[in-house]
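Novice: Chains as they are written, first to last, in my numbering: chain A, 1 to 235; chain B, 1 to 415.
Everything labelled a hint here was simulated from the structure, so no lab data went into it. Do not rely on the hints blindly, as some may be mistaken.
What the hints assert, rightly or not - Straight-line Cα separation of at most 16 Å, EDC-like style, residue types lysine to aspartate or glutamate; simulated pairs: (1) K141/A / E120/A; (2) K179/A / E383/B; (3) K16/A / E5/A; (4) K47/A / E71/A; (5) K179/A / E64/A; (6) K320/B / E5/A.
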Amino acid sequence: MVLNETAILYRLLVKKDLVVTPILDLSQQLGSSTLDVRLGTRFLAQKSSSLIYLDPLRQAAQIEADKLQYEVEYTLQSTQAYVLHPGEFVLASTLEYVVIPADLTARLDGRSSWGRAGLEVHATAGFVASGFEGTITFELKNVSRMPIPLYPMLRVAQLSFYEIGPNTRLPYRAKASSKYAGYLAPTGSTFYRDPEWDIIRKELAAQGKHQRSERLSAALEARPADRRPGESATT
Amino acid sequence: MPRPWGRSRACAQALGEVQRFAFAFQKVHQNLAFLTGHGSHAVTYTFVQKLLDEARTKALPVPDICLGNEYDFFRHDLRKTLVAPLEALGDASRLPERGLSLLLPKAEAGNPLMWTMLVHQIGHYIVDHFKVAHDIRADLPLQPGMSPQAIDALLRCAEELAADLLALKLAGPAYFLSLASLGLVFRPSGPDGQNVPLGLRLGHLRRHLKPLEALDGQGLRRTANIELFSSQDALSLAERLVSERHRLSSPSEPSGLSSSEQDPSVAVESYDYLDAIIARQRVAPAATPSPEDFHALFARMCSGVPINSFCPTLSRETIKRLESAATPAEFYHLLGDIRERPTTLAHILLVGWTYKLLRSYQIFRELLLSAATLREALAAYAEHLRNRQGLLQKSIEASFIQQTYDRWRGEAHGA
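Next up, chain B with everything else stripped away, as it sits in the complex (with noise of 0.2 Å):
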């Protein structure tokens, strides 16, 4: 049989390599508590809350948040999980019908980053209530001769795939850069501990990057980080490394696909008629920054200023105006007029996860080079991860509390 990394030993050796760092990387975050607290139940369910505003749909719950000492993102809905061995208790009663109940990991608990992947269980729940999963059962392109096994394998495949689709159009861009990374340090295991191929997920949604892409053109191919994620032939390579890296950390566990599915330059084009399922959903899709707003924010953060807006700029014209009104409210009507515009969830998520990239491993480089000793510069950098996830939070919580003033302004009144 041969060996999924046959065709090359030194690419064995650098995925070894891949595996070794990101595993040690991982251990040294949480032994310095980079990962640990500063954060709150409060934050999280305000990222969700206004995840579901943005959406624009009242048919999704707000989730239950459970935080979990397991470093596992691809733990499906808790709930589901529990009616199991609580109907062989015979007490799922005590479990509501409907809602969605998800587990996040104490160590992310105060990384807005890696919330997306919250986004994804939410996208599952999509798929299990909306009938995605019937309309997906419906288009399954299946061959002849596919043997059950086969095609259940192929539907948990594109079920997996639309629940990413879903975290995409909710979350934007920011998605896959976590997903990606998340990727390169652990295996995901699905319910039933076989796991759909990430380099298939992968390639599947970028096809459907074009903002990055757009953003990238802006010139912020010039670090080896963003071209990982931007460039089509890095990009690729990413894939392949974290396809393989999966491969090669359990190269006897059957995947329940076929080697030539397993294939992401094969598959994903086979999965295209999850697109149009996806699209036909009514869940809004995230607005996802114009290149003059992304870079406004990405210099914002920079200078160390939450994201939570767009600050307006009066023109000549309202300045000339605001001078010549007459009356106190004259003046105070071309005020109200004169507004802040909040920052979506996938402004922020997208500005955050770009700063990571250009600037946090930057600062870590450096860091490294100046500090007197390694403990200096790890508790420097423990500074900047805190401080970077305080802004985002700060934002998040700024932009939410800014909508919600928003929608109801031209209907409150003082009593």
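Pulled out of the complex, with its shape left as it was, chain A reads as follows (with noise of 0.2 Å):
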């Protein structure tokens, strides 16, 4: 069942076990079954890069550093305005804390206003597990023609609140394999710490053929400003 605006009220300032902070105008925020979010000081954009492409074959600690390639982070302060243009992606988070107690599972979605102006705030995770904890990111896209500037403390999105019955067991920030909790700026994807691409790094091992995916890692090493003149690349 969604809840409606007294019981969002209830949680937040009564039972307390719902933290979103800091609401900075609950008359302005809080809708009938929804709470309004803002953007935050935080961005992480991405960058062209001499790398071919990530490769999630190699080690976690291998790709964070090549990882850094990709991306690049701002910090905002309060009247500065980060431009998303027209076909741009960029990673932001709320400028609220958020915890999500164990009965509940909230949604994240994007307000009319700027969904009108093109404005996309997930690609495709609006779903906000029980027990979470942390700032949410947004997957920011501006799908419109016009350039967007967004400024912290801007309502983008807002959250509504489901119950789950009887609280859940597996809260996300007991899950073991939780991968963003605790967050205070937006996380980039670590989608090769799934254990999936582990099993998949085995199989090819076991098949012998990790060996071309190691031959990638070391051709994206050798950059060709790296090599002497008359050094051919070899791949």
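Two independent chains are provided; combine them into the complex using the hints.
Specialist: Okay, here's the thing in structure tokens:
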């Protein structure tokens, strides 16, 4: 069952097991069954890189290092804008720190005003699990033909809350494989930490096919700029 | 000539240990990158803007902040430092006539607990530009027969203490804690290479720390770490340790004051006249937390939630009024009165420092005992530090945005 405005207020201000902070203006943010959330100050954008691609079959630590070549972080002051150009994608996070109790889940959706301006707030992941704690990551994309200036504090999205009956015994933060709990800034994907990749790695190794991946990795590291004149690339 | 540590050889040995430990700890921090990165100019600017907002003065400039490779918090205003060399080159016109350019060690760019040292330099700006230095000269307690050098040293000492008092006024008790912490590791150096004894500075500030003592009375004295800063005896010891440690490191260096003036127990009272001068300055004093607020915020930080505000509690009467609201307009009107109260910098920094003293050291000990390897323990501790700094940064940003919103909410209307 979706919580209405009174139930949301009760959980926030009386029972206090649902945390959304700061709420700058309840009378603006609370709707009939939603609570608006705002843009925070941190953005994580993607940039062009000399890497051909991010090889998920490398070791996690190596992938983390490779990722730095694709990512650039911005922290804005309250009156600075991040301008999202048509077709661009950027990660951001809520101003609010959110704690979802074990008997609730939440769903993130865009606000109508911003949807009409062509701003998408999440690509596919709008579900917030029971037991989640942290800032919620926005996957912002401008699908319009006009640049959109984004300032911290803007209400770009809204949360709705759903009761899931008895408390879950698997709150998100307690789950061993949870990857995005407790973060205070937008967090890039760590899909390569899913155990499936390790299974693929092991299977490839068993079949002797891992060498291809290793050769590719070596080729990525031997960039043209590093080669001596006359030396050819080996791939 | 009697040695400064002449009273006790054991004391000298203990001080040597403290010094070695402090430097080793600092080195470990730097090698493990505990102190690097994860900061941004934007958050540091938000810090100083929030500070100036809370001081409620338009006269103070927003400082430029330059990140430096040196680990030196005690360097004066960079602008002042650059004036002479640029004038010698005939190129001083590039500098603005007024303004404040502060140096922040890169290693602490992400650590708001040490940004309080920037506030001390803002204090120096107030001393220089708000006639504080003039007032100090007028009230300087001169003794008959004092040499010009002694008068100059007395003046420099008074200005340093005035900047300390202003920093304490602006940032609250956290300034004292950061100064004491830094003083155990580094020897502050003034622009001319001469020092004001840190023991004197801490001793002078301590008299203004009643809010901290009130908090101490609520049960925070249980650990040795907080006792160092709150118990009278332990605090005196800490001040003397810091003072002696600096004398040990450079016993031959002149300090600019006579030995009797270096003794904090003698000298502190002779600077009492500064209190009245600082009280006249039109900067609002930091709003320190009540014991109840402090404990609520401390518990919240321990649970991993940013301490940007105090959550309102709905009274029974408000709940009844909400339930009986006849129209949506009436309901929303009632909601308008329910507000989170943003925390001040003094709240955030004091809770952050207490968290460091009560939790971080404890976590460090537990990790050392429980981790399989030292490297594993240190990696886990670095993660703890990053999280602590992240929580404090988030708290500063969110509370500043809320203050900005609250400032204009009565006048802002949807178009």
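Novice: Please go over all the hints and tell whether each is borne out by the structure.
Specialist: Checked hints:
About 5 Å separates the Cα atoms of K141/A and E120/A, which keeps this hinted pair within 16 Å; it holds. Among the hinted pairs, K179/A with E383/B is consistent with the structure: their alpha-carbon atoms are about 15 Å apart, no more than 16 Å. This hinted pair checks out: K16/A and E5/A have alpha carbons roughly 15 Å apart, not beyond 16 Å. For the hint linking K47/A to E71/A, the alpha-carbon distance of about 6 Å falls within 16 Å, and the restraint holds.
Among the hinted pairs, K179/A with E64/A is consistent with the structure: their alpha-carbon atoms are about 14 Å apart, no more than 16 Å. Distance check on the hinted pair: K320/B and E5/A sit about 15 Å apart at the alpha-carbon level, within 16 Å; holds.
The structure agrees with every numbered hint stated previously.
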